[in-house]
Amino acid sequence: MAMLLPGIRKSTINGRKWIIHLLLILAILLIGFPLYYGFVISTQSLDEVIKVPQSLLPSGYLLENYVKVWNRIQMGRLLINSTIVAVVVGLGKISIAILSAFAIVFFDFRGKQVAFWMIFITLMLPVPVRIISTYQVVSTLGWVDTYAGLTIPLIASATATFLFRQFYITIPDELVDAAKIDGAGPLRFLWSILLPNSGANIAALFVVMFIYGWNQYLWPLMATNSDNMRVVVVGIASTVPTGTQLPEWNLVMAAAMMALLPPVLVVIFLQRWFVHGLLETEK
Amino acid sequence: MKRSIFRNRWLPYLLLAPQLVVVVVFFFWPAFDSLRLSFFKVAPFGDREIFVGLGNFIELLTAPEYGRSVVYSFVFSLGVTTLGLVGSLFLANLANQKIRGLPFYRTAILWTYGIAPPVSGIIWLFIFHPSYGMLPYLLSMVTTYEFNWLLKGWVAMLLVIFAAAWAHLGYNIAFFLAGLQTIPESVIEAARVDGAGGFELFRRITFPLLSPVTFFLFLMNMVFSFFETFGIIHAVTQGGPGDTTTIMVYKAYVDGFVNLRMGYSAAQSVILMALVIVLTVLQFRYTERKVTY
Chain A
858 MAMLLPGIRK STINGRKWII HLLLILAILL IGFPLYYGFV ISTQSLDEVI
908 KVPQSLLPSG YLLENYVKVW NRIQMGRLLI NSTIVAVVVG LGKISIAILS
958 AFAIVFFDFR GKQVAFWMIF ITLMLPVPVR IISTYQVVST LGWVDTYAGL
1008 TIPLIASATA TFLFRQFYIT IPDELVDAAK IDGAGPLRFL WSILLPNSGA
1058 NIAALFVVMF IYGWNQYLWP LMATNSDNMR VVVVGIASTV PTGTQLPEWN
1108 LVMAAAMMAL LPPVLVVIFL QRWFVHGLLE TEK
Chain B
4 MKRSIFRNRW LPYLLLAPQL VVVVVFFFWP AFDSLRLSFF KVAPFGDREI
54 FVGLGNFIEL LTAPEYGRSV VYSFVFSLGV TTLGLVGSLF LANLANQKIR
104 GLPFYRTAIL WTYGIAPPVS GIIWLFIFHP SYGMLPYLLS MVTTYEFNWL
154 LKGWVAMLLV IFAAAWAHLG YNIAFFLAGL QTIPESVIEA ARVDGAGGFE
204 LFRRITFPLL SPVTFFLFLM NMVFSFFETF GIIHAVTQGG PGDTTTIMVY
254 KAYVDGFVNL RMGYSAAQSV ILMALVIVLT VLQFRYTERK VTY
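Protein chains in written order, with my numbering: chain A, 858 to 1140; chain B, 4 to 296.
Among these hints, one or two may not hold up.
Below are the DSSO-like pairs computed for lysine-lysine, each with C-alpha atoms no more than 30 Å apart in a straight line [said to hold, decoys possible]:
#: 1; chain 1: A; residue 1: K908; chain 2: B; residue 2: K101
#: 2; chain 1: A; residue 1: K1037; chain 2: A; residue 2: K969
#: 3; chain 1: B; residue 1: K101; chain 2: A; residue 2: K874
#: 4; chain 1: A; residue 1: K925; chain 2: A; residue 2: K908
Think of the hints as simulated: they come from the structure by calculation, not from any bench.
For reference, chain B alone in the conformation it holds in the complex (with noise of 0.2 Å):
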C-alpha cells in the first residue's frame, strides 16, 4: 500500500514506544520467563531453581487430577458455548423482527454485557443456594433429589455455566444481531416467494448465511470460558466440591499462588499459551473476510 506520509527518523519509534514497552515487560517477558520457569522445580519462596527438564510436563500429563481439570475445561466451555449460541441466536431473531418497540427489547437483552462473571457468579451462587436458593426450593416441590451443588458436582457445574452464560449473553446478541443486519432484505423477499417459511427460512437461509458470525462467536466463546472466567470459579465455587469445577485457569493459579509450585504452574500457563495460540490462529485463518458471503 502506497500512501502519502511524513518523513521522520526517530519520531515512529518514539510514538510506539509506550505500547512496546508495556508489551516487552508485561507481556513477553513474562511469557518467556513462564516458559523458562516450566522446565524448573522452584523452591517455596523463590530462593532456588532446579532444572528439571521436561519434568513438570510429564508429570501434569501423568496426574489424574490434571486429566480431569482439562475434561472439566471443556464441558464448561462447551456448556457456555452452547447454551450462549443457541440462547442468544433464538433471541436475537426475535429481535431482529420489524416489530413496535424493538429498541426497548434490545436494550432489555444487551444490559447483560456490563455484568462482571464473579458479580454473575455470586447472583447464580444465591439461587443455587441449597438452604436459601430458589431454584433447590422448586426443584424440591417435584422430586426429592437433592439439588445440592455443594454436593453434587454437576450442579455445581452447571451453576457455574449459568453464571458465565448469563454474563455472556450480551455480546453474543449484539453480534448475532449485527450479523442478522447484514442479510439483505431481497434475499429473505426471494425465498418467501418461494414459499419458506419461518423455521424453513431460518434453516435454510438465515442460518448458513450467519455462519460466519456463529463461528467467530464459538471460538470467542471457548476464548471467554477458558480464559476470563477464573472470577466465577474463585469466588463461587473455589474449583469445588472436591474438584469438579477446578478448571485449568483456576488450577494453574492455585498450584501457583496457594501452593507455590511455580514450576509446576508455569508449565500449564504454557498448555494454556498452546491453546489460546490456536483458537486465535483458527480465529484470524477462518473468520470474517475470508469466510465467502
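The following block holds chain A by itself, in its conformation from the complex (with noise of 0.2 Å):
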C-alpha cells in the first residue's frame, strides 16, 4: 500500500510513479472492460458471439448489427423520446426551482418556511415509494402515454431549488439596491442580472439532470404502454432474448452501446460542469 502517497525521497519517487501509473492503468482497464466486452459483441456475427470463448478483437458486423437492431426496436424513436425527457427534465427543473429560490431568498411572504419545507420534503419521496398512487393520478389526467406523463412528475427538485437558493443568498444586498433606484422590477432583476449571472450554475445542473432525465427507468415503465412512447432504456430490455429466442446478444450490446452513448459523452465532454453539478446538488 506504500503507492498511496509518493515519499519524499527523491529516490523512490519515480518507482512509485511508476507503479501508481500501472495500478491507475489496470484499474481503468478493469473498468472499463464490461464496456470494451459489449462493444466487440455488438461488431460480432451471431455464429461468433455464441462460440465460447468469444474473440476479443472487434468482428466485421458492426454496421450490420447496428442498422438491424435500429429497425427492429425503433431505436430512432426511442431515442428521440429520451432526448425529449432528458433535455424537459433538465430545463423543467431548472426552471421551476430558479423561480422557487428566487422567491424564497428575494421576498418576504407569508409561508416562506411552509414552502421551503413543502420542497425539502420532496427529498424523502422518491418515486418508488409512491408508484401506484402517482400512476393512478397520471392516468386520471390522461396523461399515460404522453411527453407530460413523462416528464412533469419529475421536475420537481429540491436539490436545485436549494442550490440556487445558496447562490442567491450571496448576491450582495448593493446589487439589489441598486436595481431598485434604477426603477428595475423583480422578474427585471431575475432576467438582466441574476440569470446572467447564474450560467455556470445552470449548465453544471443541466449536466446532472440530463444524465438523471435520460437514465430513468422505473417511471418511463409505467408511464407509457405504446412502443412510440418508450425510452431508449426501457425499449431496449426487451432485446435481451429468453428462453426459445435466438440468443442474438450482438444485437442486444448494440443496442446497449446506443443507448449508453449519449450520457456518457455528456460526462466525458462535459466532465467539469459535471463534476461541479454533482458535488454542489448534493449538498
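Once you've looked at the hints, go ahead and assemble the two chains, each given alone in its own frame, into the complex.
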C-alpha cells in the first residue's frame, strides 16, 4: 500500500510514480472491460457470439448489427423520446427551481417556511415509495403515454432549488438596491442580473439533470404503454433474448451501446460542468 | 438573515406556484394516498375498497417472503455500498497523486457515471451468461462448480451487485476526489516529516479526514441501491431465481402492478417511505457542515 501517496525521498519517487501509473492503468482496464466486451460483442456475427470463448477483438458486423437492431426496436424513436425526456426534465427542473429560489430569497411573505419545507420533503419521496398512487394521478389526468406524463411528475427538484438559493444568498445587497434605484422590478432583476450570472450553475445542473432524465427507468416503464412512447433505456431491455429466442446478444449489445453513448459522452466532454453540478447539488 | 428584498403581495406565490403544484399533485397527494391505501384492501381493477386497518402490515410482517425481501435488500445494498466505497476510495487515492496524465485517468474513471443501471445490468447479464458469458467460462476452467445465476441465488445476487456498483462508481469517485482535494497539503507534509509512509499516512491522516465524505457516500449508496436500482432487477433477474433478488422496491412493484394487490403494495411503499426518511434525516443531521474537520 506504499503507493497511496508519493514518498518524499527523491530516489523513491520515480519508482512509486511508475507503480501508480501501472495500478491506474490496470484499474481503468478493469473498469472499462465490461464496456469493451459489450462493444466487441456488438461487432460480431451470431455465429461468433455463440462460439465460447468469443474473440476479444472487434469483428466486421458492426454496421449490420446496429442497422438491424435500429430497425427492429425503432431505435430512432426511442432515442428521440429519451432526448425529449432528458431535455425537458433538465430544463424543467432548472426553471422551476430558479423561480422558487428567487421567491424564497428575494421576498418576504407569509408561508415562506412552509413552502421551503414542502420542497425539502420531496427528497424523502422518491418514485418507488409512491408508485401506484402517482400512476393513478397521471392516469386520471389522461397523461399515460404522453410526454407530459413522462416528464412533469419528475421536475420538482429540492436539490436544484437549494443550489440556486445558496447562490442567490451570496448576491450582494448593493446589487439589489442598485437595481431598485434604477427602477428595475423583481422580474427585470431576475432576467437581467441573476440569470446572466447563473450560467455556470445552470450548465452544471443541466448536465447532471440530463443524465438523470436519460437514465430513468421505473417511471417511464409505468407511464407508457405504447412502443412509440418508450424511452431507450426501457426499450433495450426488451431486446434481451428469453429462453426460446435466438441468442442474438450481438444485437442486444449494439442496442446497449447506442443507449449508453449519449450520457457517457456528456460526462466525458462536459466533465467539468458535470463534476461541479454533482458536488453542488448534493450539498 | 436580513437582506434587501422586493415588495410584492402576490408575485412570490406566483413564482413558487409551478414547483408547489408539481410537489402537491405528484408527491404529496400520491404519498398521502399510498398511506391511506395501505389500510385498505382493493379489489382488482380498483372498483371496491375495504378497510382492513393494520391488516396489510400484519400480513407483510408475518409473510416469510417479505422478510426475505428485506434481507435480500440489505445484502444487496450493503454489497453495492461496500464494493463501491472500497473500490472508489482506492481509485480516488490513486487518481489524486501528482503524476502526469491525471486528467486522462480521471476521465477514464468518471465516465461510468453516464451508464444507466439497467444498461449496466444487461452488459453484466451477458458477462454472467451461463452459456455464452466470459465469467462462467473462465471459472469452468478452474472448477466444476456450476456458476449459473439462473440456478444459484447467490450468483444472481453477485450479478446485480456488480452491475449496480459499476454504474455508481463514477459518482463515488467524484466525491472522494473532491474530498481528497480539501485535505491541506501542509497536513500531509507535516505527517511525512514525522515519518509517516504510504499506508500509515492513509490510515492515520487521509482516511480520518475523509470520514465525513465516506459517511455521506455510505448513506447515498444505500439510498441508491434501495431506490434507484429497480431497473437492474427488472431488466436482468426479474427478482429470481426464485425470489433471491427480489428487493423491496421490486416486490412493491410486482405486488401492485402485476398481482394487482394495491393495498398490500401501498403498505410496502409506506415502509419504504419510513426507511428513506431515516436515511435522509441521518444525511442532513450528520453530514457536511456539521462534521468537524
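Evaluated hints:
{"no.": "1", "hint": "K908(A) <-> K101(B)", "verdict": "violated, 45 Å"}
{"no.": "2", "hint": "K1037(A) <-> K969(A)", "verdict": "holds, 22 Å"}
{"no.": "3", "hint": "K101(B) <-> K874(A)", "verdict": "holds, 8 Å"}
{"no.": "4", "hint": "K925(A) <-> K908(A)", "verdict": "holds, 21 Å"}
Of the numbered hints given earlier, the model fails hint 1 alone.
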